[in-house]
Amino acid sequence: MSAEDGRRPSDAPSHQIEELERVTIRFAGDSGDGMQLAGLQFTNTSALYGNDVSTIPDFPAEIRAPAGSIPGVSSFQVSFSSHDIHTPGDQPDVLVVMNPAALKAHLGDLPKGGLLIVNTDEFTKPNLRKALYAENPLEDDSLVAYRVVKVPVGSMNARALADSGLNTMQIDRSKNSFALGLMFWLYERPLDSTIRWFEEKFARNPEVRDANITTLKAGYNFGDTAELFPVRYHVAKADLPPGRYRNITGNAATALGFVTASKLADLPLFYGSYPITPATDILHELSRFKNFGVKTFQAEDEIAAIGSAIGASFGGFLGLTGTSGPGLALKSEALGLAVMVELPLVVAMIQRAGPSTGMPTKTDQADLLQVLFGRNGESPVAVVAPATPSECFTYAIEAFRLALRHMTPTVFLSDGYLGTGSEPWRVPAADELPRIEVKFAKDADAFNPYDRDPETLARPWATPGTPGLEHRIGGLEKADVTGNVSYDPDNHEKMTRFRAEKIARIANDIPDLEVVGGESGDLLVLGWGSTYGANLSAVIRARKEGLAVSCAQLRYLNPFPSNVGDVIARFDQVLIPELNLGQLAMLVRSRYLVDAVSLNKVTGRPFLIAEIEEKIHELVGSKVKV
Amino acid sequence: MTTEAAPEGPLALQRKDFVTDQEVRWCPGCGDYSILAQTQKLMPELDVPRENIVFISGIGCSSRLPYYMNTYGFHSIHGRAPTIATGLKVMNPDLKVFVITGDGDGLSIGGNHLLHVMRRNVDITIVLFNNRIYGLTKGQYSPTSEFGKRTKSSPMGTVDTPLHPLSVAISAEASFVARSLDIDPKHLIATIERAARHKGTSFIEVYQNCNVFNDGAFMEFADKAVRSDRTVRLEHGQPLIFGKEREKGIRLNGTTPEIVTLGNGVSESDLWIHDETREDPVLSFILSRMHWPDFPEPMGVVRAVERPTYEALVQQQVDEAIERQGEGDLDKLFMEGDTWTVE
Ligand SMILES: Cc1ncc(C[n+]2csc(CCOP(=O)(O)OP(=O)(O)O)c2C)c(N)n1
Ligand code: SF4
Ligand SMILES: [Mg+2]
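If you're matching them up, the sequences are chains A and B in order. Following the working numbering, the numbering of the first sequence begins with 1 at its first residue and continues without gaps. Following the working numbering, the numbering of the second sequence begins with 1001 at its first residue and continues without gaps.
These are computed hints drawn from the structure, not numbers from a lab. Each hint should be verified, as a subset may be incorrect.
Claimed, not checked - Straight-line C-alpha distance at most 20 Å; calculated DMTMM-like pairs for lysine to aspartate or glutamate:
1. Lys1248/B - Asp1275/B
2. Lys1332/B - Glu200/A
3. Lys237/A - Asp1338/B
4. Lys615/A - Glu545/A
5. Lys1332/B - Asp431/A
6. Lys442/A - Glu1051/B
7. Lys439/A - Asp1338/B
8. Lys1332/B - Glu545/A
9. Lys1332/B - Glu432/A
10. Lys442/A - Asp1338/B
11. Lys125/A - Asp109/A
12. Lys201/A - Glu1051/B
13. Lys237/A - Glu1343/B
14. Lys1149/B - Asp1160/B
15. Lys201/A - Asp1017/B
What the hints assert, rightly or not - Far from chain B, some chain A residues (derived; all Cβ distances over 12 Å):
16. Lys150
17. Gly374
18. Ala610
19. Glu611
Yeah, the Cβ is synthetic: ideal placement off N, Cα and C, and Gly gets one too.
Just chain A, with the same shape it has in the complex (with noise of 0.2 Å):
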């Protein structure tokens, strides 16, 4: 019997198969054990094998913590299942150990009688003490609670790759292969996709390939002969709408959406960035997109980022510049820049914890009132935000297409948890999605620089290189109409207010705030971006309780849909839980008037469905319907 054809050993008697419906793993290791890559490759077969599946890295920000140390330990979770989920768990089912830094970092998360499966060649005296364990766990009683499975992961692949002609440090860095063939044997997995990536990423450097395969390999092997464990589990296949699908990461399809809307507006893309955790990832992706006529700019600074974007917008572009936090801090005058001259412009903002350098890979929805608020004057700009990794694609076309018919900067706002998070994703046909109209101002008879649309507000977009059209624009307020500098007071006012009701009427060109589960009831969990699938779970488990608990995300942040009133008011309470400390509390306290409750957690860590569950029993545990 062997995994040579990649596919599961058809006469594999000794074992047992239990199914299971839902199963979530965290592989835990120091940063250079490589666990990204183990979790990566788990994900992408059980997806492709067709499960459900919803993943969470968590890596240190420091790119070399000191080997063995607690802060180095990097991880990463996902959950696969039978049904849809919403979430990468709220707690693993197993846990992979690589050494005792992360057993220490991860125990506490694993549920008692969780399988827990360690790599004992690490538990030496030296890394123990870099644990800081006085004693070794695997030798006293403390994992007792657990089904502790020791697998000499270690050793093993040296073994497997005694011949390979590797050096030991060559090989010990392929260890996680073998635990990941081990996983796939437990949890009856097809090696093949993974052999491919193999083949794929090593193509040059045949002997790491080789390593790599043979290793997966006998971790699968391993699996079948060491008798370690008794039984084998099955998650059966998910009942998915019919589709194409691939796995993907909220900022992959970030880069995506993007690039489509460039298409889609036939327009080409202009993307001034600077790097920063985490949105650089949306960097890589377009700049590899050149044959889209896609342009990146590495700017010297945020500054430069926004304002190269500005540029090109000027231009007739489609100007987008991405960023996190700090560097919208930075941006945030030429952002009103934008604002005053109205010029669509797209602001890709992808959250984490704050303030200052906070904790650049852990994420946080702390930075709301930034976008909304953090300029200077009367200086609204419309935004979106996705509420799971694959709607960052669609949101990040809706991003663009707001900001061209409503010639305004849009802010597309997501997180570090959305951005690295992935799930699987229904592939649209390019031509099924709808074009981007857009219109720029020719006619020279007709042409003013601040004239408005009727409808929108809208300015018009006259461009350099048009001809009869040249004029000036500027940060300096604008006079109604010919948009000549005007410091004239009752015109500063009419011009604020027109840049206020040009937003607002965005409302009348989005689609109403939908709610999950019963139009009315006794609570409504209101929340907006990454909280959703934590939000949906939990209000779905609250309901087969049989309360009359709703759920409703924004993705629409500004304006709001126009609905949002009306649907607060059919639910005696709200509650809106968030990764801050009350910021989209405060807007629906102060703008509908109502007592909304918040619950909020800023550990960088996004919120189990446990947690929100929790709190839906707490404010409405007590009128359960039988």
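Using the hints, position chain B with the ligands against chain A.
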């Protein structure tokens, strides 16, 4: 486009086609007027359609210039004009883009952008109005104010060492570096024209008098009678000769310039022959450090070297990518990596 007759170039444009109806708001006597006049006068000579010309500025007295140019214009925010120019030019290389900036706008708040736009060699012309003061905010010292200068914000004199704009430009790899003077209209228009015709970033420092907050900053060069003693005109391939009677010259002793009087065994062939195309920036740098009263100040083109423009290189990569991968196909892109079908 223009309807006027009296053609001056193939496009039949005249200076007045480049004048806007906006009232010019500089103080009477300000050096900015002269720079504006020469700029407007130059435009028809460039034979670029008016709609393809864009003036972009930051904030300052100097930065108001775009309002007075009947072209496309963008009066942006303090120091950031080069960034807007970069995005615009990268996306539309056909445009003729000018950046108007001041000593504060370009060298203080916008210093970073100025450096980077020059090293990238974006094909734009930057005119820096150096009045050695913050004019618009009413008279604080600037990064080019002389050490010890007393201003409203430095009543006991500054303790800041000033920058030399030309040295900055040379160090930042600018491919064209020049200097001129507001009160020398002929030299000014000729210098701006050279800059405008250069492919790549051209940087001109213009000595500009702010008669309200820093009057006489360039007084040494104001009086025509002594100007030729205190400045040296740079001409490519010509020796550095100056003085009313063209009786003096600059000779290089290693990397040290020295003033010599012609005659008595010193001939023109002993002098420093100006080569603006020299790649090695050492001599350009020496020129940028020559200041009155130790030396006559160089006026004209210090440096003009050729290298590919930024926007051309960016476009080249796009063309190459299309050639190699074919014109982008969304459906193909969506399907990148592993995909699967759910029936
Ligand atoms: C962000 C910002 N900071 C400060 C100012 C105020 N400000 C306007 S112009 C200026 C200095 C301009 O000096 P310079 O560039 O030399 O131009 P000049 O007026 O001398 O032509 C300052 C400090 C501003 N407009 N924006
Ligand atoms: S303050 Fe100085 S620079 Fe500004 S307009 Fe007046 S004279 Fe000119
Ligand atoms: Mg100045």
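Results of checking the hints against the structure:
{"no.": "1", "hint": "Lys1248/B - Asp1275/B", "result": "19 Å, holds"}
{"no.": "2", "hint": "Lys1332/B - Glu200/A", "result": "18 Å, holds"}
{"no.": "3", "hint": "Lys237/A - Asp1338/B", "result": "17 Å, holds"}
{"no.": "4", "hint": "Lys615/A - Glu545/A", "result": "14 Å, holds"}
{"no.": "5", "hint": "Lys1332/B - Asp431/A", "result": "12 Å, holds"}
{"no.": "6", "hint": "Lys442/A - Glu1051/B", "result": "12 Å, holds"}
{"no.": "7", "hint": "Lys439/A - Asp1338/B", "result": "38 Å, violated"}
{"no.": "8", "hint": "Lys1332/B - Glu545/A", "result": "45 Å, violated"}
{"no.": "9", "hint": "Lys1332/B - Glu432/A", "result": "15 Å, holds"}
{"no.": "10", "hint": "Lys442/A - Asp1338/B", "result": "45 Å, violated"}
{"no.": "11", "hint": "Lys125/A - Asp109/A", "result": "25 Å, violated"}
{"no.": "12", "hint": "Lys201/A - Glu1051/B", "result": "50 Å, violated"}
{"no.": "13", "hint": "Lys237/A - Glu1343/B", "result": "11 Å, holds"}
{"no.": "14", "hint": "Lys1149/B - Asp1160/B", "result": "9 Å, holds"}
{"no.": "15", "hint": "Lys201/A - Asp1017/B", "result": "60 Å, violated"}
{"no.": "16", "hint": "Lys150", "result": "33 Å, holds"}
{"no.": "17", "hint": "Gly374", "result": "16 Å, holds"}
{"no.": "18", "hint": "Ala610", "result": "30 Å, holds"}
{"no.": "19", "hint": "Glu611", "result": "32 Å, holds"}
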